[in-house]
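Chemist: For reference, the chains in residue letters:
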Amino acid sequence: MIADMQYDQSGQLRHFLTIEGLAWETLVHILDTAQSFITFGEREIKKVPILRGKTVVNLFFENSTRTRTTFEIAAKRLSADVINLNPSRLSTSKGESVLDTVKNLEAMHTDLFVVRDAHSGAAFLIAQHVPPHVAIINAGDGRHAHPTQAMLDMFTIRQYKKDFGNLRVAIVGDILHSRVARSQIHALNILGVPEVRVIAPKTLLPTEVERLGVQPYTDMRKGLKDVDVIMMLRLQLERMQGTLIASEQEYFNLYGLTEDKVALAKPDALVMHPGPINRGLEIASEVADGPHSVILDQVTNGIAVRMSIMAIVMGGQSERKAS
Amino acid sequence: MIADMQYDQSGQLRHFLTIEGLAWETLVHILDTAQSFITFGEREIKKVPILRGKTVVNLFFENSTRTRTTFEIAAKRLSADVINLNPSRLSTSKGESVLDTVKNLEAMHTDLFVVRDAHSGAAFLIAQHVPPHVAIINAGDGRHAHPTQAMLDMFTIRQYKKDFGNLRVAIVGDILHSRVARSQIHALNILGVPEVRVIAPKTLLPTEVERLGVQPYTDMRKGLKDVDVIMMLRLQLERMQGTLIASEQEYFNLYGLTEDKVALAKPDALVMHPGPINRGLEIASEVADGPHSVILDQVTNGIAVRMSIMAIVMGGQSERKAS
Amino acid sequence: MIADMQYDQSGQLRHFLTIEGLAWETLVHILDTAQSFITFGEREIKKVPILRGKTVVNLFFENSTRTRTTFEIAAKRLSADVINLNPSRLSTSKGESVLDTVKNLEAMHTDLFVVRDAHSGAAFLIAQHVPPHVAIINAGDGRHAHPTQAMLDMFTIRQYKKDFGNLRVAIVGDILHSRVARSQIHALNILGVPEVRVIAPKTLLPTEVERLGVQPYTDMRKGLKDVDVIMMLRLQLERMQGTLIASEQEYFNLYGLTEDKVALAKPDALVMHPGPINRGLEIASEVADGPHSVILDQVTNGIAVRMSIMAIVMGGQSERKAS
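In order, the protein sequences belong to chains W, H and C. All you need for the numbering used here is the position in the first sequence, starting with 1, plus 1. All you need for the numbering used here is the position in the second sequence, starting with 1, plus 1. All you need for the numbering used here is the position in the third sequence, starting with 1, plus 1.
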């Protein structure tokens, strides 16, 4: 149902809100399009005129300079004009003020909203109320989804591992609260990864997590055994109740990624992290900066993947406007 | 005198500070030029190169993300570079620090300042001190004027009513403190609207308001009778002393715009509001979103009207520089 | 050693961190290149495509709207895309978080970082860790250096005095804490100014200041005698301990620049100030706005000089990337 919202009548992607329910072909199309942009980072002139004359609004109800910057750079490389907004989320009932903000922006003939909000479902709510020619990209909504992050992770995995069909992937950390984990799991499943593990203390695992198509582990050493990819999550202490983990030191001992734990994975295993990393909390510096780490590749790929998603959701815009 | 400041020696508009004292021809020229931009919102490539190579500075001593965004979008659609500044208004005597800020910006060869300030007269003070090739647009100064808002209102009225010559217009709300109302009244008078009414509790009406060329009403039901246009003002509680209105509920009962009150106006009456609307305070949601409302048209037109005013005040720039 | 870091293997300037140790030819090249841009401020179309497709990041750990704006305008006039960041300087040990921020930005294939920080050495630390194709410009680091300010000062002096070889220059104010003074002294020495004086109360003079190649004066009237250029510093009360100066009034009496003190200098002496000026504290308004003042020329020249430095450090970028 939500996935249906993401496609227009001709089957083209018009919003990018969640990985859940997207077709395998859609994800591959995003990755392939990103591949065509990835060389631009190396070229002298990096701009392409694909979104020239378009206005992209970074609508960040939750502040995140880092994520906002990646979308701003991606949009400018596509030659779009960019407006950065950090509206306060007024505490009116029924989210009306958010929709009034959005209606005003669309009345200004802006074209693409990149929405970030601390509340799950914000991007969906907005997508339900915009006219056909306005596209919405979810840049993270509460605990729900962070689909562009998941796609850049998939891009990075494909870059090194070529084929998703024979991989064993472990996601480590606060699975319970992580919108990143949720989007990664959907993407890995759709792209055909046969074995996805989640590793966390019991208090940070959702109940019945197996339903998501993953295998839970509470013992990190067992969970990392022979995996091809280790996807660390950021420990967001501010989102946790104090009782969920005993202490930072104990957490690091049990679930922090250290060199000896990496050694349990396959010799050519990738170490990934969405950033910003908490050195010494969920990952040791030696690992973050070590030979398995592709953390900075993820950052580089994040620009290309966001360019790709922006270009794709805007691709059908003119036809929708005409109809 | 102030109006004189707005024209250069050849009679071209060089600043846009207040509607008061402008010629009928000037207002019509602004509306006609805006009309030429209004289609751009619908086209694929929305940018025009009119201000290419120019630097527009949004100089907002008073914070207003909403208004700033409209000027930023308008300037970028004209291909200008935009610098957003929110300088704190240092409490030095004689406004010297403001003028030092302005002198510095003009020394950087910036071309157009969009000035917003909580103090009446700020844009004038600045306009008195800039060299001939720098243009000033007043984006709202204290209780004094908000002329671009009034012009987008006029544009919206003309869009629907074609002719100003036989209209009855009512402005409703805090007339006493409203820079918007002041600018609207001047514009309506210059454009030849034969009957302009202002509707407010006595405490929110200026003394001798008739001198402005309007008819005051304290009974909203009488004031709305047979009008063609209802222009609501925003109730800015933060600018009022607590004693000016009895309570929000009582205010809404007496002066809030509800469907039954709209029914007193002409059947094709327009409902306007400068935004952001306080739903349930000065306007009922059913009216704001109802068939008479042109509130979102105002937002759309605001971009075109601001593009128009920017293009016009910059139009004579090169000649003034040469002289 | 630090100067070596600023040149690449072929002897081209690749970072601009400090004046100290730069070659005379480099400074003259910067001034000459700035001269080629200075006319652009007068032309209709001010943009040049030199940095088209490049991304400039204003990385301001210390907030300075004024300086940031000059770099933003300069970068946009070179057609670069500009990202403004004000990251908080996290209090982690070893500056690791700053370097993680920088590594992330360079992974996004940004090209030029303009770095401002309250800590001396920040720009150096960053320059030591970036790959060959990323350039760093120091926009002020603690008490250490503010080299772009010094270069715009040199440009302004040359504009009026043509030749550095026969000048007597006095720098007045808080020499002890001033990064501006330090950079000015290096630049004046390298460009061959035969006599550089520093004027300050003893408490605001570094010990053994003569080693920098300057002559110290505590009596301003003696120090200004027959000088060609008076370079005032900004009195930054927030950086001083209360005991360093007795009172603002006494400071102004002894070291504030007044018309009668200017009269001690040569008749065609220049009065300079890096801004923003504290009127009546270190400089009288009559002097700041008077016939000797070139303070607003400095602002204008600051854009051209920053364009020059940006263009030069990016000039060798493609070769370094290829190698």
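Don't take every hint at face value.
Treat identical chains as interchangeable: a pair holds within one or across any two.
Stated by the list, open to error - Below are the DSSO-like pairs computed for lysine-lysine, each with C-alpha atoms no more than 30 angstroms apart in a straight line:
id, residue 1, residue 2
1, Lys-104, Lys-163
2, Lys-226, Lys-48
3, Lys-48, Lys-223
4, Lys-104, Lys-223
5, Lys-267, Lys-104
6, Lys-262, Lys-48
7, Lys-48, Lys-203
8, Lys-163, Lys-203
9, Lys-104, Lys-203
10, Lys-48, Lys-267
11, Lys-262, Lys-104
12, Lys-104, Lys-162
13, Lys-223, Lys-262
14, Lys-262, Lys-162
FYI, nobody ran anything at the bench for these hints, they're computed from the structure. Bear in mind the structure is a predicted one, so any value in this text is a computation, not a measurement.
Chemist: State for each hint whether it applies.
Modeler: Status of the hints after comparison with the structure:
For a Cα distance limit of 30 angstroms, the shortest separation of Lys-104 from Lys-163 across copies, 26 angstroms, qualifies, whereas the shortest one inside one copy, 43 angstroms, does not. In the homo-oligomer, the alpha carbons of Lys-226 and Lys-48 never lie at most 30 angstroms apart, since the shortest distance is 43 angstroms inside one protomer and 56 angstroms across protomers. For a Cα distance limit of 30 angstroms, the shortest separation of Lys-48 from Lys-223 qualifies neither inside one copy, at 46 angstroms, nor across copies, at 58 angstroms. When the C-alpha separation of Lys-104 and Lys-223 is checked against a cutoff of 30 angstroms, the pair qualifies neither within a copy, at 51 angstroms, nor between copies, at 33 angstroms.
Proximity of Lys-267 to Lys-104 under the C-alpha cut-off of 30 angstroms is restricted to the inter-copy arrangement: shortest distance 27 angstroms between copies versus 51 angstroms within a copy. In this assembly of identical chains, the alpha carbons of Lys-262 and Lys-48 never lie at most 30 angstroms apart, being 42 angstroms within a copy and 54 angstroms across copies at closest. Within a single copy, Lys-48 and Lys-203 get their C-alpha atoms no closer than 47 angstroms, and across copies no closer than 55 angstroms, so neither meets the 30 angstroms cut-off. In the homo-oligomer, the alpha carbons of Lys-163 and Lys-203 never lie at most 30 angstroms apart, since the shortest distance is 33 angstroms inside one protomer and 69 angstroms across protomers.
With identical chains, the CA atoms of Lys-104 and Lys-203 are never at most 30 angstroms apart, being 43 angstroms at best within one copy and 34 angstroms at best between copies. Within a single copy, Lys-48 and Lys-267 get their C-alpha atoms no closer than 39 angstroms, and across copies no closer than 53 angstroms, so neither meets the 30 angstroms cut-off. Taking the shortest alpha-carbon separations for Lys-262 and Lys-104, only the inter-copy value of 25 angstroms comes in at or below 30 angstroms, while the best intra-copy value is 50 angstroms. Taking the shortest alpha-carbon separations for Lys-104 and Lys-162, only the inter-copy value of 24 angstroms comes in at or below 30 angstroms, while the best intra-copy value is 44 angstroms.
Only within a single protomer do Lys-223 and Lys-262 lie at most 30 angstroms apart by alpha-carbon distance; the minimum there is 10 angstroms, versus 71 angstroms between protomers. In this assembly of identical chains, the alpha carbons of Lys-262 and Lys-162 lie at most 30 angstroms apart only when taken from the same copy (21 angstroms versus 68 angstroms across copies).
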